[in-house]
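Protein sequence lines, in the order shown, are assigned to chains E and Z. Read in order, the letters of the first sequence are residues 1 to 332 in the numbering used here. Read in order, the letters of the second sequence are residues 1001 to 1285 in the numbering used here.
Please keep in mind that the hints were generated in silico from the structure rather than gathered at the bench. Take these hints with a grain of salt, some might be off.
Straight-line C-alpha distance at most 27 Å; calculated DSS-like pairs for lysine-lysine [unchecked claim]:
| hint | chain 1 | residue 1 | chain 2 | residue 2 |
| --- | --- | --- | --- | --- |
| 1 | E | Lys105 | Z | Lys1269 |
| 2 | E | Lys104 | E | Lys154 |
| 3 | E | Lys75 | E | Lys108 |
| 4 | E | Lys105 | E | Lys154 |
| 5 | Z | Lys1092 | E | Lys108 |
| 6 | E | Lys75 | Z | Lys1193 |
| 7 | E | Lys75 | E | Lys104 |
| 8 | E | Lys171 | E | Lys110 |
| 9 | E | Lys13 | Z | Lys1193 |
| 10 | E | Lys75 | E | Lys110 |
| 11 | E | Lys108 | Z | Lys1269 |
| 12 | Z | Lys1193 | E | Lys154 |
| 13 | Z | Lys1193 | E | Lys110 |
| 14 | E | Lys105 | Z | Lys1092 |
| 15 | Z | Lys1186 | E | Lys110 |
| 16 | Z | Lys1186 | E | Lys154 |
| 17 | E | Lys255 | E | Lys154 |
| 18 | Z | Lys1193 | Z | Lys1132 |
| 19 | E | Lys178 | E | Lys2 |
| 20 | E | Lys245 | E | Lys255 |
| 21 | E | Lys154 | E | Lys2 |
| 22 | E | Lys154 | E | Lys178 |
| 23 | E | Lys108 | E | Lys2 |
| 24 | E | Lys310 | E | Lys331 |
| 25 | E | Lys13 | Z | Lys1269 |
| 26 | E | Lys75 | Z | Lys1092 |
| 27 | E | Lys331 | E | Lys245 |
| 28 | E | Lys75 | E | Lys105 |
| 29 | E | Lys13 | E | Lys75 |
| 30 | E | Lys154 | E | Lys108 |
| 31 | E | Lys154 | E | Lys75 |
| 32 | E | Lys171 | E | Lys288 |
| 33 | Z | Lys1269 | E | Lys75 |
| 34 | Z | Lys1193 | E | Lys104 |
| 35 | Z | Lys1269 | E | Lys104 |
| 36 | Z | Lys1092 | Z | Lys1003 |
| 37 | E | Lys108 | E | Lys171 |
| 38 | Z | Lys1003 | Z | Lys1088 |
| 39 | E | Lys288 | E | Lys255 |
| 40 | Z | Lys1088 | Z | Lys1005 |
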Amino acid sequence: MKEMVRLQGITKKFGNNLIIPHIDLTIADGEFITLLGPSGCGKTTLLRMIAGLEEPTSGQIFLDNEDVTTFAPYKRDVNMVFQNYALFPHMNVEENIRFGLLMKKVPKEKQNERIDQVLYLTQLEDFRARRPQQLSGGQQQRVAIARALVNNPKVLLLDEPLGALDYQLRKNLQLELKNLQRGLGLTFVYVTHDQEEALTMSDRIVVMNAGRIEQDSTPDNIYHNPSSRFVAQFIGESNFFDLDKENILAIRPEKLNICEEEEENFVHPLPEYYGTVVDVVFYGTIDKVFVRLDNSNQTVVAYQYFDDVKRWCPDERVGIWWYPQDAVGVKP
Amino acid sequence: MRKGKLLVAPAISWLIFFFGVPMLIVIAVSFAARTPYGQVIFNFTFANYQRFLEPLYIRIFVDTVFTALVTTLITFCMGYPLAYSISKLPHKWQQPGLILVMIPFWINFLIRSYAWVVILRSQGLINTLLLKLGWITQPLPLLYNDYAVMLGMVYALLPFMVLPIYVSIEQLDHRLLEAASDLGAKPFTAFRKVTFPLTLPGVAAGSILVFISSLGMFVVPDVMGGAKSALIGNLIQNQFLSARDWPFGSSLSIVLAVLALVLIVLYYKAIQKQEGGTNNEEKLA
Chain E
1 MKEMVRLQGI
11 TKKFGNNLII
21 PHIDLTIADG
31 EFITLLGPSG
41 CGKTTLLRMI
51 AGLEEPTSGQ
61 IFLDNEDVTT
71 FAPYKRDVNM
81 VFQNYALFPH
91 MNVEENIRFG
101 LLMKKVPKEK
111 QNERIDQVLY
121 LTQLEDFRAR
131 RPQQLSGGQQ
141 QRVAIARALV
151 NNPKVLLLDE
161 PLGALDYQLR
171 KNLQLELKNL
181 QRGLGLTFVY
191 VTHDQEEALT
201 MSDRIVVMNA
211 GRIEQDSTPD
221 NIYHNPSSRF
231 VAQFIGESNF
241 FDLDKENILA
251 IRPEKLNICE
261 EEEENFVHPL
271 PEYYGTVVDV
281 VFYGTIDKVF
291 VRLDNSNQTV
301 VAYQYFDDVK
311 RWCPDERVGI
321 WWYPQDAVGV
331 KP
Chain Z
1001 MRKGKLLVAP
1011 AISWLIFFFG
1021 VPMLIVIAVS
1031 FAARTPYGQV
1041 IFNFTFANYQ
1051 RFLEPLYIRI
1061 FVDTVFTALV
1071 TTLITFCMGY
1081 PLAYSISKLP
1091 HKWQQPGLIL
1101 VMIPFWINFL
1111 IRSYAWVVIL
1121 RSQGLINTLL
1131 LKLGWITQPL
1141 PLLYNDYAVM
1151 LGMVYALLPF
1161 MVLPIYVSIE
1171 QLDHRLLEAA
1181 SDLGAKPFTA
1191 FRKVTFPLTL
1201 PGVAAGSILV
1211 FISSLGMFVV
1221 PDVMGGAKSA
1231 LIGNLIQNQF
1241 LSARDWPFGS
1251 SLSIVLAVLA
1261 LVLIVLYYKA
1271 IQKQEGGTNN
1281 EEKLA
């Protein structure tokens, strides 16, 4: 696969604060890659360095095999969708979108053609004369995307673009964005702290923590084979069982099974732990059953689907078991 | 809510008694006549306003407006770069920068005007220096002309231009500039297309403050313009203090006040249009 972005030995300090100790990362052409991590993990800083809005303290940035490390943002063929959209309030939708084309001195006719195209793509044709303040959050979001897309950048950088929207709208826009990216075959670098968003949209997820890459893999692999305790905890829910200092088992709640303490004629593996149900919370599609393990302070959680054996109640004595292939060994 | 309203009562009554009532008196007097000795007689007449249309007064009025316009233009040309530079200083230097702009306010304005006389007059600082250096043989006529008046006005009113512009630059969302740069705008283009249009409300507020203040200014023309340049402020001052023609002085004041009011209304109209009717919390002035 063709390489589009390469970050090589990137470090970043703000004053004496080491934000990014060392990062190497290669992004392929046409890839939807997500930088995922808690706030302050350096993901936005990394994105801003690709845009040219921050300069790395050391290391190099290659864009389409050209060293752009010292290039100003206006000299880089990448565009950014900002977290709060950063739309120009004194321009209407069309003028906002035209801005980048004007800067690149694209001929007038070509400008109009491209603007019509992205307005169609983002379903904003009826709003071209509106000011940003007259649009809803979702519409503003679309304008921000259209304003970036119209320039036909080599890479589209998205900094938590859906963060300010409500849940339902976010769900819809996630799908729209993913379809847009697939349709255009454009390289997307997407920053978010929302693990669900990352899992549903990305071809590849880079999980970051404290300026380091914890794991870099496909969504499927990240979810099912988390490499560290941090990843298993940050993406989805996990139960951890410390075997010893070096070895921890991580088991997803949907893979954790509950049986009666005194069960007869069972066909599943023997329970590893016993405990008492402390709480059962109804979640619509599942019950979350919280179990306090005997002889420890640990509480584990198991998802129970309603076609399972029975619905548990607090204070019931239970056993906890799993299939060996569902337990993943992770680094502490 | 009721108790809250009570809190503004002192301010409101102050304004009614010491601003509203005198204003009404001035309006009334502007339609009155006077005795040869200056006593005001309340015979309703438009004579004072008709007198204003005499060529002499029209000329003074035009001169005043012209001086005010030029003063506004110069303070803008000097004030915008100054405000911009202060806003780009490291954060801890911005406050001292603003204080430097405001320090002259701490000294009485009349005294500052006479300080300019000391600097500019024939035996003043500049002329003495130039003579000693042998660059000139005759003192330059630096004082008592229209340029000196302009200089004094610009000096006095510059802070009124700088402060509102500084505020509007400070309020500008810096991410808009990042977006402009990201979209391919070089720094100067980004300034022209984004920073400047979005700080126009500050420019307008500063311009109104400077323009209206310079319309009514009489100390500067008095002290630095000598007898030669009379502006409308001096004319009004003369009517009240020397000519003892209160009705005419009042009508001139009203004309000035109406002009200022019209400008302020135009300003708010322009602001509302520019901001599309929303998001206009940065109305200052």
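Right, here's what the structure says about each hint:
no.: 1; hint: E:Lys105 / Z:Lys1269; verdict: violated, 34 Å
no.: 2; hint: E:Lys104 / E:Lys154; verdict: holds, 15 Å
no.: 3; hint: E:Lys75 / E:Lys108; verdict: holds, 21 Å
no.: 4; hint: E:Lys105 / E:Lys154; verdict: holds, 18 Å
no.: 5; hint: Z:Lys1092 / E:Lys108; verdict: violated, 46 Å
no.: 6; hint: E:Lys75 / Z:Lys1193; verdict: holds, 18 Å
no.: 7; hint: E:Lys75 / E:Lys104; verdict: holds, 10 Å
no.: 8; hint: E:Lys171 / E:Lys110; verdict: violated, 34 Å
no.: 9; hint: E:Lys13 / Z:Lys1193; verdict: violated, 32 Å
no.: 10; hint: E:Lys75 / E:Lys110; verdict: holds, 21 Å
no.: 11; hint: E:Lys108 / Z:Lys1269; verdict: violated, 33 Å
no.: 12; hint: Z:Lys1193 / E:Lys154; verdict: holds, 25 Å
no.: 13; hint: Z:Lys1193 / E:Lys110; verdict: holds, 21 Å
no.: 14; hint: E:Lys105 / Z:Lys1092; verdict: violated, 40 Å
no.: 15; hint: Z:Lys1186 / E:Lys110; verdict: holds, 22 Å
no.: 16; hint: Z:Lys1186 / E:Lys154; verdict: holds, 20 Å
no.: 17; hint: E:Lys255 / E:Lys154; verdict: violated, 41 Å
no.: 18; hint: Z:Lys1193 / Z:Lys1132; verdict: violated, 50 Å
no.: 19; hint: E:Lys178 / E:Lys2; verdict: holds, 20 Å
no.: 20; hint: E:Lys245 / E:Lys255; verdict: holds, 24 Å
no.: 21; hint: E:Lys154 / E:Lys2; verdict: holds, 12 Å
no.: 22; hint: E:Lys154 / E:Lys178; verdict: holds, 17 Å
no.: 23; hint: E:Lys108 / E:Lys2; verdict: violated, 33 Å
no.: 24; hint: E:Lys310 / E:Lys331; verdict: violated, 35 Å
no.: 25; hint: E:Lys13 / Z:Lys1269; verdict: violated, 48 Å
no.: 26; hint: E:Lys75 / Z:Lys1092; verdict: violated, 32 Å
no.: 27; hint: E:Lys331 / E:Lys245; verdict: holds, 10 Å
no.: 28; hint: E:Lys75 / E:Lys105; verdict: holds, 14 Å
no.: 29; hint: E:Lys13 / E:Lys75; verdict: holds, 24 Å
no.: 30; hint: E:Lys154 / E:Lys108; verdict: holds, 22 Å
no.: 31; hint: E:Lys154 / E:Lys75; verdict: holds, 12 Å
no.: 32; hint: E:Lys171 / E:Lys288; verdict: holds, 23 Å
no.: 33; hint: Z:Lys1269 / E:Lys75; verdict: violated, 39 Å
no.: 34; hint: Z:Lys1193 / E:Lys104; verdict: holds, 14 Å
no.: 35; hint: Z:Lys1269 / E:Lys104; verdict: violated, 35 Å
no.: 36; hint: Z:Lys1092 / Z:Lys1003; verdict: violated, 41 Å
no.: 37; hint: E:Lys108 / E:Lys171; verdict: violated, 36 Å
no.: 38; hint: Z:Lys1003 / Z:Lys1088; verdict: violated, 44 Å
no.: 39; hint: E:Lys288 / E:Lys255; verdict: holds, 12 Å
no.: 40; hint: Z:Lys1088 / Z:Lys1005; verdict: violated, 41 Å
Hints 1, 5, 8, 9, 11, 14, 17, 18, 23, 24, 25, 26, 33, 35, 36, 37, 38, 40 from the earlier list are contradicted by this structure; the remaining hints agree with it.
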